[in-house]
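2 protein chains.
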Amino acid sequence: MTSNSTDGFEWTKEEGLRKGVPTIGKIKPATNISSTNHVFDVVIVGAGYAALTAARDCTVSGLKVLLLEARDRIGGRSWSSNIGGYPFEMGGTWVNWGQPHVWREISRYNMRKELEISQDYSHGINQFSVNVAGKTSDMNHDEEDAIMESALKKFVNIDGQYGRLIMPYPHDEIHNPAALPFDKLTAADRLAQIGDTLSAQEYVCLKGFILLCSGATLDTMSFYEFLHWWALCGYTYGGCIEYLIKYKFRGGQSSFAINFWNEAISTNNLSYTFNCPITTVEDDGNKVVVTSDDGRQFKAARMICTIPLNVLNTVRFSPPLSIGKQRAANIGHLNQCTKVHAEVSNRDLRSWSAIDASSKLLYALGDGTTPSGNTHIVAFGANETHLEPEKDIAATTQVLKDLVDMDIERLVFHNWSDDKYAKGAWFFPGKEFVTVFSEELRARHGNVFFASSDWAVGWRSFIDGAIEEGTRGALDVMKDLSNSRSRRDLTKL
Amino acid sequence: MTSNSTDGFEWTKEEGLRKGVPTIGKIKPATNISSTNHVFDVVIVGAGYAALTAARDCTVSGLKVLLLEARDRIGGRSWSSNIGGYPFEMGGTWVNWGQPHVWREISRYNMRKELEISQDYSHGINQFSVNVAGKTSDMNHDEEDAIMESALKKFVNIDGQYGRLIMPYPHDEIHNPAALPFDKLTAADRLAQIGDTLSAQEYVCLKGFILLCSGATLDTMSFYEFLHWWALCGYTYGGCIEYLIKYKFRGGQSSFAINFWNEAISTNNLSYTFNCPITTVEDDGNKVVVTSDDGRQFKAARMICTIPLNVLNTVRFSPPLSIGKQRAANIGHLNQCTKVHAEVSNRDLRSWSAIDASSKLLYALGDGTTPSGNTHIVAFGANETHLEPEKDIAATTQVLKDLVDMDIERLVFHNWSDDKYAKGAWFFPGKEFVTVFSEELRARHGNVFFASSDWAVGWRSFIDGAIEEGTRGALDVMKDLSNSRSRRDLTKL
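Residue numbers (this note's numbering), protein chains in the order written: chain W, 1 to 493; chain U, 1 to 493.
Just so you know, not all the hints are guaranteed correct.
Result set (DSSO-like, lysine-lysine): computed pairs, CA atoms no more than 30 Å apart in a straight line [to be verified]:
{"#": "1", "chain 1": "W", "residue 1": "Lys431", "chain 2": "W", "residue 2": "Lys246"}
{"#": "2", "chain 1": "W", "residue 1": "Lys479", "chain 2": "U", "residue 2": "Lys113"}
{"#": "3", "chain 1": "W", "residue 1": "Lys479", "chain 2": "U", "residue 2": "Lys431"}
Since the hints were derived computationally from the structure, they do not count as laboratory data.
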């Protein structure tokens, strides 16, 4: 059951550009409450995976939850449009069984057999194209892997063991405090250290890959954070592919997210309102009052705030957020990734991939085959040369065609930079951010708890990290309410 | 707070052999119910990780749970004794962040920083000893890894890609049906196929390693199941070490298990009785009546049975279990591993490891340093040459000393084979078991649901698999009760 969200864009030759795409993640009706008088146990702001997990865990444990979401759909920065029965992933896409929080849910919802692999090298041109200074070289994917591996190993080899000594526990990243100084480096700083050792192809491939990860610029992105990704991926390029860009849901992310929603709804403990952006959060010490932009007020004993880092400061908190949280939100993260799906009639491109580190879409690959037999290409750009496809479709198609000759029938995308509820894609920080602000961002603020993949401990930036944080937020609120109620019961005696 | 379980053995030079060791996993009081009249929502039989997870999830969701456990402690086949403040792991030990279910819990209980590494090659003799036909060769651990890797790659390379083609999804193991025929092979069958390619050292190392995994015999253990372990471990020997035998809880397994227990208890929805072996389970279609060996009867709407495969047939079910379940339980699994801890005064042995595939303890390694500065050695035997340490301590110490010269001050162990509530260690099957019986073992039987790592989908045999199964069992029961209550409500209308 798909219906149109106001989010996302679709362009076709016949119909041109349209705002809004169909998704199974749009919830109908858009609200199930008629009054705002009730004082809920918890108000959860947001409907991405952190919020969905928190809502699911809280409602299952018997708490009365009110969920408020600015958009018309669930999923936050991970959702799939569904066009002609085919899911295009508008944001977060890939998952792996080594990502503990997301896989626990995939297992629990019995979706282990719902995965498919983005890459298909079984037919077609089976080719990787790398563009160095205007000249494109074509090679096979084994050669691609060899260049990538060689370049990445040079990039991360800060300890003679490819990061294993400096960051031995990816889920306890400063276990070895020797990791800390690496957060003083940007990617550009690190590249300067190893520049002499890289071939021109290696440099371009490396640049393409790390900008794919960060959606930022080499001059600003934290080298430490990339090292953390690398550690999470098992300290190998093969691991990076396995974890970052290989396995996706056959039915799209929204087919996964809807399970959390349905379970929460089935408890009869979930009240909700979509299309409800909030403006202020007031905590009087006993309860939290949340005001929406149309002036409605909602009350709850506790709040779980899953508002992304880059928009946290658009909400006024009373009492104000800590200086640390305010500073962190002002600085924000750097990921202004552009992700564009192209449906192309060139079937041979199913097994194609490319890096052109000077293109506005610097990393592209065959990602699927649509029901009509066309090839689905996905392409990523970073903030080095920012592209907003809806503002110039002709330029966008030209950027794609400059990568390889293709006949584009459809484009699908979400402009995360121009999205006022995200102001960017997945979290990727500048230097001296994570090691300075993460703990502060995780801290509660009176009756308000914070949960977002943007400050997760493990797979920060990932769906896994969002579920990690939603789990933590729900548990903290459950414990807190249980304690305060025990105290209240005691004072009655 | 430790107290003595009746489980486990400790031997010291001064005190000789004693049955029962201290653990933080013994729950006091041993029961919190005074009558058996109540009809619970769920009765959970067992207190290992499957049962603890199910009890935690069910109680948190508001169900009234009765947990019945035959032993005096939680943890089932994973528990730690605590002797002089030092945890000796009596069963399941190692965990990893790539094991999704267990890591989700480690993250949720904020225990990410509670891990330590078994191996410590920073001082001492730093040596691996391999015994081939009575002659011991000593080498460094890099040489050990090289032999192991070479041998294992030959063993699993059934597709030119070290198993990746035949079993591409470790959590969907027959995704490629071409995996199925490999369950017709025992390890010995597979060894016969590659025997000509192995050096004598490679053969011994390989034999030691696969018997370490199975606790069985080469002639009987399933090659397919080993392949599944290999796939779970990322298709590399390095992955095997990372996942199988590296990271353990500084405070012991029981320090982890107690969190599940405490959370369940905190809901006020958990009733329980330890020291309560059960004899019969009768399902009248509306409720389940469980009878204990002292004649008490307990009633619940549903049951989650976590009784291990090898003892499932010691309980009488009415109506009887399906033929498939009965057959599976009669066949059972093959793991009769002997695990012995030795506290030795030889500090140099902290960095020692050994394989002697003809020894009754065929795989041994330095596993820690005790508070008194002694080295803690752990050694494993398999059913090829079965050892029951408590029956002949002198012989056991001699087996250890034959591996390397050591001065033994203490032995600590649990005889899993002689344990009537386990009849074996972690699950490891013979050929044509998993591919024939697993789904059947997961199936519900009327109002009785089954949850055990012995038939998990993913990390079967592991703590992770137990948590996977406890999660599934709880969710299935919650859904089932919710459905039947909705139906009941409807019929009232």
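Violated hints, by number in ascending order, as checked against the structure: 3
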